[in-house]
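Peer 1: With the hints as constraints, model all of the structure from the sequences given.
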Amino acid sequence: MTTYLGIIIAILAIVISTIMDGNSFGALVGPSSLFLVVVGSMGVSLSGFQISDLKPAPKAIIISFTGKEPDPGEAIDRLMKFAEIARKEGVLALEEQLEDLDDPFMKLGLQQIVDGVDGDMVREVLEIEMAALDERHNPSINFVKAMGSYAPTMGMVGTVVGLINMLGNMSDPAQLGLGMSVALLTTLYGVIFANLVFLPIASKLQRLHDLEVAHKELLLDGILAVQGGASPRMVVERLEAYINPDMRVGHQERSKRVSGKAA
Amino acid sequence: MTTYLGIIIAILAIVISTIMDGNSFGALVGPSSLFLVVVGSMGVSLSGFQISDLKPAPKAIIISFTGKEPDPGEAIDRLMKFAEIARKEGVLALEEQLEDLDDPFMKLGLQQIVDGVDGDMVREVLEIEMAALDERHNPSINFVKAMGSYAPTMGMVGTVVGLINMLGNMSDPAQLGLGMSVALLTTLYGVIFANLVFLPIASKLQRLHDLEVAHKELLLDGILAVQGGASPRMVVERLEAYINPDMRVGHQERSKRVSGKAA
Amino acid sequence: MTTYLGIIIAILAIVISTIMDGNSFGALVGPSSLFLVVVGSMGVSLSGFQISDLKPAPKAIIISFTGKEPDPGEAIDRLMKFAEIARKEGVLALEEQLEDLDDPFMKLGLQQIVDGVDGDMVREVLEIEMAALDERHNPSINFVKAMGSYAPTMGMVGTVVGLINMLGNMSDPAQLGLGMSVALLTTLYGVIFANLVFLPIASKLQRLHDLEVAHKELLLDGILAVQGGASPRMVVERLEAYINPDMRVGHQERSKRVSGKAA
Amino acid sequence: MTTYLGIIIAILAIVISTIMDGNSFGALVGPSSLFLVVVGSMGVSLSGFQISDLKPAPKAIIISFTGKEPDPGEAIDRLMKFAEIARKEGVLALEEQLEDLDDPFMKLGLQQIVDGVDGDMVREVLEIEMAALDERHNPSINFVKAMGSYAPTMGMVGTVVGLINMLGNMSDPAQLGLGMSVALLTTLYGVIFANLVFLPIASKLQRLHDLEVAHKELLLDGILAVQGGASPRMVVERLEAYINPDMRVGHQERSKRVSGKAA
Amino acid sequence: MTTYLGIIIAILAIVISTIMDGNSFGALVGPSSLFLVVVGSMGVSLSGFQISDLKPAPKAIIISFTGKEPDPGEAIDRLMKFAEIARKEGVLALEEQLEDLDDPFMKLGLQQIVDGVDGDMVREVLEIEMAALDERHNPSINFVKAMGSYAPTMGMVGTVVGLINMLGNMSDPAQLGLGMSVALLTTLYGVIFANLVFLPIASKLQRLHDLEVAHKELLLDGILAVQGGASPRMVVERLEAYINPDMRVGHQERSKRVSGKAA
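Residue numbers (our numbering), protein chains in the order written: chain A, 1 to 263; chain B, 1 to 263; chain C, 1 to 263; chain D, 1 to 263; chain E, 1 to 263.
Since the hints were made in silico from the structure, they are not lab data.
Since the structure is predicted, the reported quantities are computational estimates derived from the model, not experimental observations.
Just so you know, not all the hints are guaranteed correct.
For chains that are exact copies, the list does not tell them apart, and a pair is met inside one copy or across any two.
[What the hints assert, rightly or not] Below, computed lysine to aspartate or glutamate pairings styled on DMTMM-like, alpha-carbon distance capped at 20 Å:
1. K256 <-> D71
2. K145 <-> D210
3. K256 <-> E74
4. K68 <-> D102
5. K145 <-> D102
6. K145 <-> D246
7. K256 <-> E217
8. K55 <-> D246
9. K256 <-> D115
10. K107 <-> E217
11. K256 <-> E237
12. K68 <-> E253
13. K81 <-> E99
14. K59 <-> D77
15. K107 <-> E129
16. K81 <-> E95
17. K68 <-> D103
18. K145 <-> D134
19. K107 <-> E124
Peer 2: Right under this line is the structure:
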């Protein structure tokens, strides 16, 4: 949501300030500049990656606009419940909880607990999973970052090409200003696409990735606590340290909330 | 305090040097430039974060002007007193000290000692707390840093838009200078807002965060020493290594000071 | 493949946008600029390396265009098969598998298992091998990166030399524009060679190196699992954590596939 | 010493090359530029720190001109002597050596040995001391670095303010050159103050800090060796590995030197 | 060798492209620019270091032109021979090999084995030695890097001084071009000295340092293997993992070669 909002605010800021200065938008229209900046930076960025790296990139860009951050509160509720079950009925009783789980990471961890895998091994497998997450997300993030860093360069290329032509053919000095005006347009498009499109998307993707990693760390810690036989109260106390103090409600409150929902 | 002071000194330096050069301020007034730089960089920065990340940002900016650094001397006094109580009356006697504590971090640590939690576990929970502090502060700091890095870019966008219009419509060459003058204004605002507003606030927030982390490390070390049964003297010696030599007064002096206060 | 494609797309973007603006290509031809940028940046880059570092550089550049990423799926199949053999017939039975192996890294690891080398020692030797891979690849990657960072500088040198001559000999002010146009050409070549040739090749080489390192980590993990007597099912589960969820097919599917191929 | 010398050489280089080019110094005098660059960058830098951080800054700047590097040779002599005493007469006999010691770090370590503190604890306390050294020195170093990075920006602000005024009031085009000349002056002052004053001071402070840290590492290693009962010969061999081969004289030579001094 | 070669190629590229463009070299001669850039950047760089840091710098610069990389093949041969002797005749028999050794690092390690020093201690002393190598080489490398980063700045200072004088005294507008031409010369010298002299030398020194560190790691590993009683075959297998696959010849081949030489 902030991605839409932020980009729209920034574009409005440019539009409104242009109007305030009494400048026209006609001079700012440049299809060739647009083409050079967008297609050129895409091409250059493309050449540094493998095709297989880039398959998830379009989906990633959509996610940067629509992606929701994970909800640690709900995860803590669930892990508290699992700790209760594990204590009362043993870890094998967790098996029937597996079906309701959407989160494949939590599912994988729980499955291993049920299978009686050793705690160190559970940690190891889940950490490999987290490293693989990095490995999967990084190419998309880096591709958008690359576009953001190549766009101003492509803009400068367009401007220099324009200047070289203008300066080399100064038959009509009156056209000097117009030529420079057109040449500068590519610079403008390069800067705008980098800073209003590519870099914000890359920042958002990075932020969503960081939130997901932090969430998985909470899950990993909770899963190991459940396996270790921690009490529901201890699980809540430990995991609430990960979240904002405003969102910490304590074991009692969470129990009530969960049993309320279940009722 | 230094934040106000520093920014006022820097602005005065610009104002005074402008007067010294006999330049006028009229040419430096540009509402459209102000609007583009402030709103534009806010928009672009916004799009790289989640709404929930940014809720604490306004409060953080106020803190950068008013925030006080933590007082390690007082914390050492307190931990010395706790060590004394723990040695004389046992760790359970620390429970009644919990009520007077404002610092939630020290409270959490002490509560765990009273609850008889194992030393390694106390360290672990407090370290998760410290990692969560990073997680909470970083988005605000990074948001202000982002505004500081986008402001000059938005300034440049405004200048290039101005130049394109001016060069494209050179009906009156006499206006060339005036046009460039107005176009350059956005560059000026971008540079000034980045370097006199956003980046100093970000530096101050980072510095306050670093001081808080260092303070929490001192607290963690002291809490574990108290739990481990260290003598008040040992606690003071160990913790004074964290602070400036000028501020080290030794166990005897601190004891006197604390009992003086208590009397 | 993407290297060709990406560079061609970027060049087309420049060509098409130049045509769209009605600019000519004649003004963009500059053999002296080409010479200065390519030979100059090669020379400067060369001086920071040893001759022996640079022997693999030409091969590396070709690989950046043709290199294929390693196939983790096939490696998992193989390691699953080895785990089966090791369990059924003992590790010595792996010896006859050694002949079919192309991958020298897997071969080295397997040979050591067959020789009865201790697990920690196997890990150590394979990790030295991986460090040596870094040591071998880095000079080539850094050489191409150096060319990418020196090319714009050489372009700027050419432009400044041109400007100094033009400004120093302004006998005919009418030539001013033409002189600047020619001077700017070297800047253009520097930017284009850096961003459309050297940097994309360096990125691709870095990416291929990173993929190879990640692949070797999977192999190392699998080899140690085989030596440790893990079941084929456990090997598959553990190693599939390294790969994209879309590509995870599970032990049963892989067994079928492998025996299908063998039949 | 090098700080004076280096800055004087660099200023002379500018002065002499200006004379060689037949340029006058009159055009380079600009009190307003000087004021803006120095006071402005001080203000901006100030706003990112706490007052308490900056108390040691003036002293630090003086140290950057006068500070001497620690003498590892003398420290090795002393530690060799301590090792001898500890072996012959026991660690308690080290107590009377404490009085002659100027170095508070060595004193602290030795005091702990005499007090019979455990080796791991000695290391821990001394490492906290070293971390606190970082904590104390970094704000001063970073403050001077900040001034070095803000000075060119303040210079650019002054130049843009000058250009805006000049371009906005081009009543007399003949004044154009003079106006630009004055405007550029602030850029010059910004670059000169950053590169000839602030950054060299920051580098020197960093270098002195690094040397002090390296020296304390040698001391820490030596103190622990003395406590561990190493022979004087072993202490010398171990500690001389830290210093330049030219300065390694061996145990025998050092013994002679020390007893010669004592005689 | 590559240092000479690379710098000569780059200078030739500039010379040839200048000729190709029909530009003259007369306009490129500027003793004052040369003086400012070389002496000025030396002065500024000097002020950030201690005199004692810089004593090895001139020697280091010469080494960057003449320095040879260490020969790992020969070191492996030697260590293989030592392993043989240690196995057959015991580690004390290594003493007579010490005399022939030129490499002080290998000598130090071997001496300690002969002295019966514990393996962990041998590793520790050799690692201190490697850290001290860093400590010794870094100031020289950083000094040359500093010159490379200050040279363009000094060039810019010279150009701005020139521009200020030219613009402030535009009595004869016809001289405008010539003045700018001369002013730009310092920029050119700054860029050329940084990129064709200082930075390549710094890169080469860094590369030679890295190669030396990698070589010492191989030696350290080999020395510990010899002490641990590894067979010559195992020593060769382990150490050949450090080197390029093309250069791996195996134990048998090496034995033959070594005994061939001895014969």
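Peer 1: Can you tell me if K145 and D134 fall within 20 Å by alpha carbon in one copy, between copies, both or neither?
Peer 2: Within one copy, since 15 Å is at most 20 Å while 24 Å is not.
Peer 1: At most 20 Å between CA atoms: does that hold for K68 and D102 within a copy, between copies, both, or neither?
Peer 2: Intra 15 Å, inter 35 Å, cutoff 20 Å: intra-copy only.
Peer 1: Checking an output row: K68 and D103, CA cutoff 20 Å. Within, between, both or neither?
Peer 2: Answer is within: at 14 Å inside a copy they meet the 20 Å cutoff, but 33 Å across does not.
Peer 1: Within a copy, between copies, both or neither: which one fits K256 and E217 at a CA-CA cutoff of 20 Å?
Peer 2: Neither. Shortest intra-copy (26 Å) and inter-copy (35 Å) distances fail the 20 Å Cα cut-off.
Peer 1: Taking 20 Å as the upper bound on the Cα-Cα distance, should K107 and E129 be classified as within, between, both, or neither?
Peer 2: within (12 Å within a copy, 26 Å between copies)
Peer 1: Evaluate K256 and E74 at a C-alpha cut-off of 20 Å and name the case that applies: within, between, both or neither.
Peer 2: within (13 Å within a copy, 40 Å between copies)
Peer 1: Pop the pair K107 and E217 into one bin, within, between, both or neither, using alpha-carbon distances up to 20 Å.
Peer 2: Only inside one copy: K107 and E217 sit 14 Å apart there, 25 Å across copies, limit 20 Å.
Peer 1: Please sort K68 with E253 into within, between, both or neither, judging by C-alpha distance up to 20 Å.
Peer 2: neither (25 Å within a copy, 34 Å between copies)
Peer 1: Could you place K145 and D246 in one of the four classes (within, between, both, neither) given a Cα distance threshold of 20 Å?
Peer 2: neither (34 Å within a copy, 25 Å between copies)
Peer 1: Within a copy, between copies, both or neither: which one fits K256 and D71 at a CA-CA cutoff of 20 Å?
Peer 2: within (19 Å within a copy, 40 Å between copies)
Peer 1: At most 20 Å between alpha carbons: which applies to K81 and E99, within, between, both or neither?
Peer 2: Answer is within; shortest intra-copy Cα gap is 15 Å, inter-copy 31 Å.
Peer 1: Checking K145 and D210: alpha-carbon separation at most 20 Å within a copy, between copies, both or neither?
Peer 2: Classified as both; 16 Å inside a copy, 18 Å across copies.
This entry does not satisfy hints 5, 6, 7, 9, 12 and 14, going by the numbered hints stated previously.
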